[in-house]
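Assemble chain Y onto chain W, guided by the hints.
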Amino acid sequence: MAATEASLGRRIRDSELWWSLRRHRAAQVAIVMLVVIIVSAFAAPLIAPQDPYDLASLDLDNSELPPVWSADGRWPYVLGTDVQGRDVLSAILYGSRVSLAIGLASVLLSMAVGLSLGLVAGYFGGVIDNVLMRIADILLSIPTILIAILVTAVFRELLPVGLRETLSAVILVCAIALTAWVQYARTVRASTMVERGKEYVLAARLIRVPASRIMLTHILPNTLTPVMVAATLNFGLAILIEATLSFLGVGMPPTEPSLGTLIRIGNQYLFSGLWWIVVFPAAQLGLIVLAVNVIGDWLRDALNPKLR
Amino acid sequence: MLAFLVKRTANAALVMLTVAFMAFMIFRFVGDPVEMMLNEQATQAERAELRERLGLNDGFAMQFVRFVTNALQGDFGISYRNQQDVMKLIGERFPATFELVIVATILSLVVGIPLGVITAIHRDSWLSDTLQMTSIVGVSLPSFVVGIVLILIFSITLGVLPAFGRGDVVQLGWWSTGVLTPSGRAALVLPAISLSLFQITLVMRLVRAEMLEVLRTDFIKFARARGLPARLVNFRHALRNCLMPVITMTGMQIGNLIAFALITETVFQWPGMGMLFIQAVTFVDIPVMAAYLVLVSFIFVAINTVVDITYAVVDPRLREDAAR
Numbered sequence: 001m002a003a004t005e006a007s008l009g010r011r012i013r014d015s016e017l018w019w020s021l022r023r024h025r026a027a028q029v030a031i032v033m034l035v036v037i038i039v040s041a042f043a044a045p046l047i048a049p050q051d052p053y054d055l056a057s058l059d060l061d062n063s064e065l066p067p068v069w070s071a072d073g074r075w076p077y078v079l080g081t082d083v084q085g086r087d088v089l090s091a092i093l094y095g096s097r098v099s100l101a102i103g104l105a106s107v108l109l110s111m112a113v114g115l116s117l118g119l120v121a122g123y124f125g126g127v128i129d130n131v132l133m134r135i136a137d138i139l140l141s142i143p144t145i146l147i148a149i150l151v152t153a154v155f156r157e158l159l160p161v162g163l164r165e166t167l168s169a170v171i172l173v174c175a176i177a178l179t180a181w182v183q184y185a186r187t188v189r190a191s192t193m194v195e196r197g198k199e200y201v202l203a204a205r206l207i208r209v210p211a212s213r214i215m216l217t218h219i220l221p222n223t224l225t226p227v228m229v230a231a232t233l234n235f236g237l238a239i240l241i242e243a244t245l246s247f248l249g250v251g252m253p254p255t256e257p258s259l260g261t262l263i264r265i266g267n268q269y270l271f272s273g274l275w276w277i278v279v280f281p282a283a284q285l286g287l288i289v290l291a292v293n294v295i296g297d298w299l300r301d302a303l304n305p306k307l308r
Numbered sequence: 001m002l003a004f005l006v007k008r009t010a011n012a013a014l015v016m017l018t019v020a021f022m023a024f025m026i027f028r029f030v031g032d033p034v035e036m037m038l039n040e041q042a043t044q045a046e047r048a049e050l051r052e053r054l055g056l057n058d059g060f061a062m063q064f065v066r067f068v069t070n071a072l073q074g075d076f077g078i079s080y081r082n083q084q085d086v087m088k089l090i091g092e093r094f095p096a097t098f099e100l101v102i103v104a105t106i107l108s109l110v111v112g113i114p115l116g117v118i119t120a121i122h123r124d125s126w127l128s129d130t131l132q133m134t135s136i137v138g139v140s141l142p143s144f145v146v147g148i149v150l151i152l153i154f155s156i157t158l159g160v161l162p163a164f165g166r167g168d169v170v171q172l173g174w175w176s177t178g179v180l181t182p183s184g185r186a187a188l189v190l191p192a193i194s195l196s197l198f199q200i201t202l203v204m205r206l207v208r209a210e211m212l213e214v215l216r217t218d219f220i221k222f223a224r225a226r227g228l229p230a231r232l233v234n235f236r237h238a239l240r241n242c243l244m245p246v247i248t249m250t251g252m253q254i255g256n257l258i259a260f261a262l263i264t265e266t267v268f269q270w271p272g273m274g275m276l277f278i279q280a281v282t283f284v285d286i287p288v289m290a291a292y293l294v295l296v297s298f299i300f301v302a303i304n305t306v307v308d309i310t311y312a313v314v315d316p317r318l319r320e321d322a323a324r
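If you read the protein sequences in the order shown, they are chains W and Y.
Just so we're aligned: the first sequence equals residues 1 to 308 in the working numbering.
Just so we're aligned: the second sequence equals residues 1 to 324 in the working numbering.
In case anyone wonders, no lab produced these hints; they're calculated from the structure.
All C-beta atoms in this analysis are idealised placements derived from N, C-alpha and C, irrespective of residue type, glycine included.
Certain hints may be false.
If you want the ones that stay clear, here's a sample from chain W, every Cβ over 10 Å from chain Y, calculated [to be verified]:
no. : residue
1   : W19
2   : R22
3   : A26
4   : A43
5   : P45
6   : L109
7   : I207
8   : V227
9   : L270
10  : L285
11  : R300
Output of the computed footprint for chain W on chain Y, the stretches with three or more beta carbons under 8 Å from beta carbons of chain W [as the list claims (entries may be wrong)]:
no. : region
12  : 23-32
13  : 206-216
Bound-form chain W, shown alone:
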């Protein structure tokens, strides 16, 4: 295996993707930024100055402190504290973890649903294909944000009161995935219909490879390039939708805040002059989505054979 590992490094270095990344400064910066944000978010319990969920660690004497560089700032509250004495930096790190996890989970879920439905529809065609594309058309004819809000609201109402807060994240993931799978299904369906007629698929069918295996090991790998681009851009979109829902008050509860919830809470103190409670979580959210979009834009150009 050692040989393959060595050649893996080589393959990466020789690949066109690596070559195009070396010439794309913005994408380099974005990747570094995103890696730093992801690592710091998931390492939050280790590196955050304070556990923002632990009420014992909050001290009202330290409440409403401005960031450390202003006159009244105090260490270790680098970005200041909120009205309960919670460290804003720690809240952001923990909040980013929630936002990133929900974004990732909803991309994975919508991809799993979209890929399988798209493959089946494209491979078999006929009634399945017709029904699926009709559903896709209908979902695309209602604004995304509206579907997401309604689905979360309805799910929540149908759940028993005690479970509503605990399952918030699950509800959000389902709601976002429901709006996002259509894109994967359409992309994969289109490429599957092209691949289906090619000789390697005909050959596989001739020696009676089962349909499920043809779809998964023969066709799927050949449809993945556009899916990768869509997944990157959708990751940004999913984080954005989650933040919006939380900001509107139908997303994550204040007991387990995402960046959107933090902004919603901070927004109430905007007019009291406590700008740091809202500005820093908002900046972090903007940075995450910006980095993801820059990477997605670069991938789209780098993987587009027409632009080579």
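Just chain Y now, kept in the frame of chain W:
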């Protein structure tokens, strides 16, 4: 042509029927309408009477048919929260949202088109690169963050523009307008900017892409060869040929903007339909939620259908494709 018209309209009707079905399912099965409308002391007889009056004892299909018939006549029932007619509530709020969306649309065209032209003409210059980069930032910033930052700068720090509300409004019949008073116009500025920012970047990117195509064509080269001034070539000859897709996209985006306005309206406490909807979601006021869903989807679907049909009238190739 007739075949296309019928097919496209049937398609739109099917979508609307599905949306109506979703709205009906929400109304019927999320919470019990009888429990929501009566207070807790209501007797068994009162409950049974209301159940009968709402027709909840009829068959499922019958209830759905009645829901659609009522919706077609603009009757979405009574709000659970303040016992008012839902259509009347939405009608009162509609002008606020409509004015916001129209101003934002105009703003996106006025700003987005020149920016798109500039980035296309001077491609690969520092100005174009900066604008392209800014447009990615514009797409990435959530609209509520933009709103909050605008409030922080222009209302709190500089104190020049109001941060919430609609200012003074003038009643013109049932329509309430804010554009006739100075305070109404001032109140429109920040919400309109924050709603249009995303749209500006869309228009800019589209105009840029179209311009780059058109600038390569022979008639532009010929116009240049004739010695026409650059400004005339760029704006009179080239830009004109880019405007059709821009107008189409702007039209199709209006439905989206109405939906997106609910975020802007929440940030700026703008008394429009979107804020009504968000309050309805918070208080589980199902009739208002259902009506909003049907109404916004209807606007969305209606615009898309009209655009598609217009295109088919203009371009015969599309007709044959769809009729097949």
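Status of each hint after checking the structure:
Once the 10 Å rule is applied to beta carbons, W19/W is consistent with being away from chain Y; the minimum gap is 21 Å. Even its closest Cβ contact with chain Y, about 19 Å, leaves R22/W beyond 10 Å, as expected for a residue assigned away from the interface. Some Cβ of chain Y comes within 10 Å of the Cβ of A26/W; the nearest lies about 7 Å off, and the non-interface call is violated. No Cβ of chain Y comes within 10 Å of the Cβ of A43/W; the nearest lies about 24 Å off, and the non-interface call holds.
Remark: the non-interface label on P45/W is consistent with the geometry, its nearest Cβ contact in chain Y lying 27 Å away (cut-off 10 Å). The Cβ of L109/W sits about 21 Å from the closest Cβ of chain Y, beyond the 10 Å cut-off, so the non-interface label holds. Residue placement check: I207/W keeps its beta carbon more than 10 Å from all beta carbons of chain Y (closest about 36 Å). With a closest Cβ-Cβ approach of about 21 Å to chain Y, V227/W is found to remain outside the 10 Å limit, as its non-interface label requires.
The claim that L270/W lies off the interface is violated: its Cβ sits roughly 7 Å from the closest Cβ of chain Y, which falls inside the 10 Å cut-off. Against chain Y, the non-interface label of L285/W is violated: not every CB pair exceeds 10 Å, the least being about 6 Å. No Cβ of chain Y comes within 10 Å of the Cβ of R300/W; the nearest lies about 12 Å off, and the non-interface call holds. Residues of the region 23-32 of chain Y with a Cβ under 8 Å from some Cβ of chain W number 3, which satisfies the need for three, so the listed coverage holds.
Counting residues of the region 206-216 of chain Y whose C-beta lies closer than 8 Å to any C-beta of chain W gives 0; at least three are required, and the coverage claim is violated.
Taken one by one, the earlier hints fail for this structure at numbers 3, 9, 10, 13, listed in ascending order.
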